[in-house]
Amino acid sequence: MNKINCILLFCLLGLNMTSQVEPALFRKADKAKMNHWVDSVYRTMTEDERIGQLFMVIAEPKSDAANMRKIEGYITNQKVGGVLFHKGNPLTQAEVTNRLQKVARVPLFIALDGEWGLSMRLSETTRFPKNMMLGAIEDIRLIEAYGAEVGRQCREMGIHINFAPTIDVNSNTDNPVIGLRSFGEDPDAVAEKGVAYARGLESTGIFSVAKHFPGHGDTSDDSHHTLPVLRRSMKEMDSIELSPFRHYIKAGFAGMMTAHLYVPALDKKQKRAASMSDAVVTELLQKKDGFQGLCFTDALAMKGAERNKQDSPSVLALKAGNDIALAPNKLAKEIEAVKAAITDGTLSKNDIASKCKKILSYKYIAGLNNYRPIKIAGLSERLNSAYATWLAAKLNEESITLLKNESDYLPLKQLEKKKIALLSIGDLYDEEFQSTLGKYDAIDHYRITLSTKEAEIETIVRDLEKYDVIICGVYTVRINEHPALAKLAARKDWVYVFFTLPYFCKEYKVSIKHAKAVVMAYEGTPFAQNYAAQAVFGGIPTKGKLAVTIPGMFYAGTGIFTEKTRLGYHLPEEVGMDAARLAEIDAIVKEGLSKEAYPGCQVLVAKNGTIVYDKSFGYYDYQRKQKVTSRSVYDLASVSKATGTLLAVMKTYDDRLITLNNPVSSYIPSLRESNKVHLTVEELLYHQSGIVPSIPFYMDAIDEKSYTGKLYSRTQSATHPVRLDAQTYARNDFKFFPHLISETKKPGFTAEAAKHIYVHDSFKDVIMQKIKDSKLGERGKYKYSCINFILLKMMVEQQTGQPMDKLLQAHFFDRLGARTTTYNPLHKMDTMVIVPTENDEFIRRQLLRGYVHDEAAAFQGGVSGNAGLFSNAGDLAKLLQLYLNKGTYGGESYLSAETCKLFTQSKSPTCRRGLGFDKPDTGNPDASPCGLLAPASVYGHTGYTGTAFWVDPENELIYIFLSNRVHPTRANGKLSSLEIRTRIQDAIYRAIKK
Numbered sequence: 001m002n003k004i005n006c007i008l009l010f011c012l013l014g015l016n017m018t019s020q021v022e023p024a025l026f027r028k029a030d031k032a033k034m035n036h037w038v039d040s041v042y043r044t045m046t047e048d049e050r051i052g053q054l055f056m057v058i059a060e061p062k063s064d065a066a067n068m069r070k071i072e073g074y075i076t077n078q079k080v081g082g083v084l085f086h087k088g089n090p091l092t093q094a095e096v097t098n099r100l101q102k103v104a105r106v107p108l109f110i111a112l113d114g115e116w117g118l119s120m121r122l123s124e125t126t127r128f129p130k131n132m133m134l135g136a137i138e139d140i141r142l143i144e145a146y147g148a149e150v151g152r153q154c155r156e157m158g159i160h161i162n163f164a165p166t167i168d169v170n171s172n173t174d175n176p177v178i179g180l181r182s183f184g185e186d187p188d189a190v191a192e193k194g195v196a197y198a199r200g201l202e203s204t205g206i207f208s209v210a211k212h213f214p215g216h217g218d219t220s221d222d223s224h225h226t227l228p229v230l231r232r233s234m235k236e237m238d239s240i241e242l243s244p245f246r247h248y249i250k251a252g253f254a255g256m257m258t259a260h261l262y263v264p265a266l267d268k269k270q271k272r273a274a275s276m277s278d279a280v281v282t283e284l285l286q287k288k289d290g291f292q293g294l295c296f297t298d299a300l301a302m303k304g305a306e307r308n309k310q311d312s313p314s315v316l317a318l319k320a321g322n323d324i325a326l327a328p329n330k331l332a333k334e335i336e337a338v339k340a341a342i343t344d345g346t347l348s349k350n351d352i353a354s355k356c357k358k359i360l361s362y363k364y365i366a367g368l369n370n371y372r373p374i375k376i377a378g379l380s381e382r383l384n385s386a387y388a389t390w391l392a393a394k395l396n397e398e399s400i401t402l403l404k405n406e407s408d409y410l411p412l413k414q415l416e417k418k419k420i421a422l423l424s425i426g427d428l429y430d431e432e433f434q435s436t437l438g439k440y441d442a443i444d445h446y447r448i449t450l451s452t453k454e455a456e457i458e459t460i461v462r463d464l465e466k467y468d469v470i471i472c473g474v475y476t477v478r479i480n481e482h483p484a485l486a487k488l489a490a491r492k493d494w495v496y497v498f499f500t501l502p503y504f505c506k507e508y509k510v511s512i513k514h515a516k517a518v519v520m521a522y523e524g525t526p527f528a529q530n531y532a533a534q535a536v537f538g539g540i541p542t543k544g545k546l547a548v549t550i551p552g553m554f555y556a557g558t559g560i561f562t563e564k565t566r567l568g569y570h571l572p573e574e575v576g577m578d579a580a581r582l583a584e585i586d587a588i589v590k591e592g593l594s595k596e597a598y599p600g601c602q603v604l605v606a607k608n609g610t611i612v613y614d615k616s617f618g619y620y621d622y623q624r625k626q627k628v629t630s631r632s633v634y635d636l637a638s639v640s641k642a643t644g645t646l647l648a649v650m651k652t653y654d655d656r657l658i659t660l661n662n663p664v665s666s667y668i669p670s671l672r673e674s675n676k677v678h679l680t681v682e683e684l685l686y687h688q689s690g691i692v693p694s695i696p697f698y699m700d701a702i703d704e705k706s707y708t709g710k711l712y713s714r715t716q717s718a719t720h721p722v723r724l725d726a727q728t729y730a731r732n733d734f735k736f737f738p739h740l741i742s743e744t745k746k747p748g749f750t751a752e753a754a755k756h757i758y759v760h761d762s763f764k765d766v767i768m769q770k771i772k773d774s775k776l777g778e779r780g781k782y783k784y785s786c787i788n789f790i791l792l793k794m795m796v797e798q799q800t801g802q803p804m805d806k807l808l809q810a811h812f813f814d815r816l817g818a819r820t821t822t823y824n825p826l827h828k829m830d831t832m833v834i835v836p837t838e839n840d841e842f843i844r845r846q847l848l849r850g851y852v853h854d855e856a857a858a859f860q861g862g863v864s865g866n867a868g869l870f871s872n873a874g875d876l877a878k879l880l881q882l883y884l885n886k887g888t889y890g891g892e893s894y895l896s897a898e899t900c901k902l903f904t905q906s907k908s909p910t911c912r913r914g915l916g917f918d919k920p921d922t923g924n925p926d927a928s929p930c931g932l933l934a935p936a937s938v939y940g941h942t943g944y945t946g947t948a949f950w951v952d953p954e955n956e957l958i959y960i961f962l963s964n965r966v967h968p969t970r971a972n973g974k975l976s977s978l979e980i981r982t983r984i985q986d987a988i989y990r991a992i993k994k
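The opening position of the sequence shown corresponds to residue 1 in the working numbering, with each subsequent residue numbered one higher.
By construction, these hints were calculated from the structure, which means they are not laboratory data.
Be aware that one or more of the hints could be misleading.
As the list claims (entries may be wrong) - Restraint ranges, calculated between C-beta atoms of paired labels, are given here:
hint: 1; residue 1: 969; residue 2: 583; range: 57 to 67 Å
hint: 2; residue 1: 578; residue 2: 301; range: 40 to 50 Å
hint: 3; residue 1: 373; residue 2: 311; range: 13 to 23 Å
hint: 4; residue 1: 827; residue 2: 417; range: 18 to 28 Å
hint: 5; residue 1: 675; residue 2: 827; range: 31 to 41 Å
We treat Cβ as the ideally placed atom computed from N, Cα and C, and that holds for glycine.
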């Protein structure tokens with residue numbers, strides 16, 4: 001029997017030994033060098049210094065004299081081994097850290113309580129998501145990358161320890177202290193994400209400290225204020241609370257924080273905090289579960305750490321098996337209590353020595369044997385890297401969770417049939433959500449706050465009746481569902497977006513039942529708002545899965561996947577572009593601004609269906625009173641050819657109403673009696689028809705008898721004051737024929753060329769006759785001509801039976817949500833949104849704002865085949881993405897793939913032109929309209945007012961430049977001479993990572 005008992009004892013001892021897990025960072029250390037350093041330091045230490053190593057204080061990172069005296073006193077008097085900084089800013093904390101390390105005889109541990117990165121404690125740093133949001137992410141690699149980035153930032157800040165991850169299993173919906181800090185309610189998922197984060201963090205040499213052992217997720221009290229009781233059975237503890245910690249230990253990480261909570265299943269001693277229980281810390285954590293790393297208490301100043309006045313929390317914590325007592329009240333008194341406990345045998349001297357050497361070993365592993373001060377210069381830039389910002393954005397994007405999507409309501413479709421309102425509930429600043437929604441369609445905004453009166457709510461509800469779709473953003477847990485809104489949700493297409501703890505959804509249970517869709521965004525940060533808005537419209541796919549159960553509504557794991565259907569918005573790193581190289585655009589644009597090539601502009605770059613650069617520069621004019629914004633609308637000039645007229649031609653071709661090889665005269669009967677009778681549609685598109693470049697139609701409206709002499713002159717004079725170009729000046733004392741031009745709108749005068757200038761309806765016959773009578777050059781030879789596209793517009797209208805602008809608006813622009821892309825924008829938007837073009841002192845004798853700059857288009861009422869379209873860059877990009885998508889956008893089809901392929905890929909065999917598009921001149925790069933780095937497959941167009949776009953199907957790239965270089969005069973040619981547009985295009989290609 002004794003022999004059997006010995007064998008069993010040996011087996012049990014062996015099992016216990018194999019269960020001990022040495023942390024990976026400790027295992028990898030050079031033990032000989034480490035022990036030599038530890039022993040050499042330990043031998044020189046006084047007893048006070050050895051005891052002091054077991055304490056870490058919380059300090060304010062302030063550099064004023066009083067605070068520095070206080071913190072330095074902890075080091076010189078109490079000999080503390082570490083500092084955990086409270087809230088501050090990076091530069092000051094770095095400076096304070098350097099000063100403290102200089103004071104300390106033994107290098108200090110610097111710790112961070114950064115559950116969501118440095119920003120939890122330090123301002124002006126990257127704000128990463130909280131764990132509940134991360135719990136929704138399926139791609140575990142992102143969590144590890146997040147941990148690694150936090151580790152990199154910690155190293156920059158001279159931080160060695162991060163009190164993260166929180167791996168409490170949040171199974172209690174009323175938990176007041178964990179909530180968003182938890183990865184969720186599934187122990188395995190919590191373990192997977194906690195381990196991934198810690199793996200990333202420790203890959204940089206920063207110690208992770210998991211918390212709050214043995215699990216704070218199922219408590220209803222906050223240990224900051226009292227001692228919570230966790231009433232789980234041992235079986236439940238094993239399967240739920242302890243499981244993530246055991247995975248963490250098995251993975252071999254460095255630190256553990258013990259919690260101030262009472263767990264009767266683990267400790268029979270009445271109301272003893274786990275952090276002060278040898279049954280929990282020594283027997284369970286260290287012996288049974290095998291954790292050999294550093295054990296930290298939670299902050300001992302918390303109410304949950306209080307036992308009775310005669311007991312020292314630090315003594316109890318160290319005796320329980322913790323290595324470091326964190327932030328006790330009355331530090332000096334606590335250190336004296338530890339000394340007394342050593343003297344009376346409560347604490348073993350050998351145990352204190354062992355803990356001290358263990359701490360020194362980890363200081364060696366942290367590199368403190370070779371301490372270097374924090375480099376202050378450039379610290380902010382290093383912390384807030386482009387990669388860090390991208391990663392924070394990516395984590396937000398991947399977490400957005402679609403909980404309900406009745407009949408695939410999201411992403412929103414058929415925008416032309418929907419009038420949309422945004423209702424914000426809460427006081428949170430929601431500009432990012434509102435502005436991002438506004439990039440996809442026109443959105444009206446309403447808000448209900450805690451101070452909104454009942455009568456005001458009733459007014460809002462009445463106003464909302466006129467909308468088809470109501471997107472309701474909930475930003476607060478302090479405003480519950482209003483009965484009137486619940487009723488309205490039953491009658492309208494209602495979309496909820498919650499920027500709150502998921503459990504709060506239950507307060508909106510009635511209206512959620514009626515809602516078409518429910519989106520969970522978890523937090524109200526700018527990134528969360530941005531990507532939630534994108535999810536509503538399909539700018540991103542939804543991938544997130546709910547990490548907790550919302551009782552009676554949604555189970556953990558709920559998450560409906562959707563496809564990306566529209567342009568999204570992200571950082572350049574998302575599509576493999578270098579943000580720093582892309583920033584070269586800023587310098588080029590600012591050069592143009594400083595040299596007055598244009599007063600302002602918009603530049604947009606999209607790649608792989610994602611807008612990665614969308615900036616506005618300068619002002620509307622040189623008075624510099626109104627800044628250009630992303631909402632500013634520009635006159636596109638000849639860009640209208642490839643984004644308006646050509647689009648209509650493609651639609652007409654798609655509907656089999658025309659063929660390219662047919663004579664255009666077969667569709668425009670008026671041409672049959674002219675020298676244009678045999679010109680084909682294809683020749684017009686290629687600009688190989690031989691038609692003259694332009695015709696000054698307005699000349700036929702000018703009464704030649706109203707002035708004497710010539711209209712134009714080579715020199716400027718009193719009679720010819722208006723400069724048109726470098727060598728041409730014009731007079732402006734002429735008058736128009738009253739039967740063709742009227743100052744007021746009246747019957748027969750419906751075409752508005754400018755303010756107080758209305759053209760008689762018969763003038764279109766004059767235009768047609770001028771085209772018929774114009775000379776015809778050599779067919780098949782490239783000669784750019786606006787007349788080609790004026791004829792194409794006539795052809796479209798003849799074949800479709802409707803005005804071209806109406807066709808484009810109904811079939812394309814409204815459906816795309818391109819609300820600023822339109823002809824005659826003054827009919828649809830405020831003048832103040834529209835950027836002015838020229839101060840036309842010649843024909844219209846006024847500043848042109850909202851009226852088309854091109855005279856030929858103006859005398860056709862603002863709608864012409866060669867010009868007339870207005871837009872901002874964001875809306876224009878939707879149309880260009882349609883080209884890249886081969887005719888689809890927003891989950892809807894506009895053109896066939898075959899038609900898109902034909903028009904975007906075809907090229908003339910004799911010149912650089914495509915079918916309606918311009919293309920690079922590969923044979924003569926100096927004459928090319930594109931940058932030198934643009935591939936031959938690029939197609940696009942430039943515009944006289946200072947505009948351009950280029951689409952690159954090889955790289956799935958869109959580039960848009962919009963300016964008003966003709967303000968105040970068209971004679972300004974600096975945009976071209978400085979090569980601004982082409983230099984920007986080359987900068988874009990240089991930014992693409994190979």
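Now the hints, each set against the structure:
1. 969 x 583: 57 to 67 Å: violated, 31 Å
2. 578 x 301: 40 to 50 Å: holds, 47 Å
3. 373 x 311: 13 to 23 Å: Taking Cβ atoms as reference, residue 373 and residue 311 lie about 40 Å apart, which means the hint is violated.
4. 827 x 417: 18 to 28 Å: Since the Cβ atoms of residue 827 and residue 417 sit about 21 Å apart, the hinted range of 18 to 28 Å holds.
5. 675 x 827: 31 to 41 Å: holds, 37 Å
When each numbered hint is compared with the structure, violations occur for hints 1 and 3.
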